[in-house]
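Q: Sequence:
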Amino acid sequence: MKKEKKIKIAKIILKTVAAADIISMIILAPNALQCLDMFYDRRKRKYNPKYYIQNTIGRLKNQGLIKFETKNGKKFVRLTEKGEKELLKYQLQELVVKKPKKWDEKWRVIIFDIKEKRRKTRDELRRELNNLGFIKLQNSVWVYPYECEEIIIMLKAYYLIGKDVLYMTVEKIENDRWLKEEFKLK
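Just add 401 to the spot in the sequence shown (first one is 1) and you have the working numbering.
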């Protein structure tokens with residue numbers, strides 16, 4: 402439970418920093434405290450929130466997720482490249498494909514060709530597609546009935562596989578009755 406809280410606080414801080422791109426440390430702490438109040442009732446908190454945020458900021462800095470900069474005598478915090486990737490990972494974990502009330506009768510097909518030396522990335526991509534509800538037609542061909550291009554763009558960015566993955570919208574897949582049944586369409 403304690404680790405889950407740490408992750409939530411880290412997520413909040415990373416999102417706050419990312420939203421502002423460069424944000425003053427003076428502004429960061431109050432915003433982060435307000436975000437904390439959305440997740441935890443003040444009366445139930447048994448810790449000092451300012452200390453907890455300072456501690457989390459220090460941990461994020463030590464992990465190389467944020468860095469401090471000084472401009473005009475004021476201290477700012479910014480996401481590092483590693484921090485941006487960690488934030489993208491958090492966002493991927495929260496992804497949900499929005500299902501419209503009515504299917505547009507088009508299939509979204511994802512095909513990829515990721516080299517053997519990046520097997521781990523390939524396997525992680527398959528796991529993500531499976532978790533999102535895609536159905537495997539072949540090992541590197543997956544299908545989904547709803548618009549999901551933004552999610553595929555995020556997956557490409559996170560795994561650095563932009564040129565290895567192709568997103569297609571197709572009107573017909575041969576013998577697709579089993580897919581329609583699987584997705585509970587029509």
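Errors might be hidden in some of the hints.
To be verified - Within a straight-line C-alpha distance of at most 27 Å, the following computed DSSO-like cross-link-like pairs (lysine-lysine) qualify:
1. Lys557 <-> Lys483
2. Lys587 <-> Lys499
3. Lys557 <-> Lys516
4. Lys518 <-> Lys587
5. Lys476 <-> Lys557
6. Lys490 <-> Lys587
Said to hold, decoys possible - DEER-style ranges, computed between Cβ atoms:
7. Thr570 <-> Phe469: 24 to 32 Å
8. Gln464 <-> Trp579: 43 to 51 Å
9. Lys475 <-> Asn540: 18 to 26 Å
These are calculated hints, taken from the structure and not from any lab test. From the three backbone atoms N, C-alpha and C, an ideal C-beta is built for every residue, glycine too.
Q: Does each hint hold? Answer for all of them.
A: Hint-by-hint comparison with the structure:
no.	hint	result
1	Lys557 <-> Lys483	16 Å, holds
2	Lys587 <-> Lys499	18 Å, holds
3	Lys557 <-> Lys516	15 Å, holds
4	Lys518 <-> Lys587	41 Å, violated
5	Lys476 <-> Lys557	34 Å, violated
6	Lys490 <-> Lys587	34 Å, violated
7	Thr570 <-> Phe469: 24 to 32 Å	45 Å, violated
8	Gln464 <-> Trp579: 43 to 51 Å	46 Å, holds
9	Lys475 <-> Asn540: 18 to 26 Å	52 Å, violated
Violation of the numbered hints given earlier is confined to hints 4, 5, 6, 7, 9; the remaining hints are satisfied by the structure.
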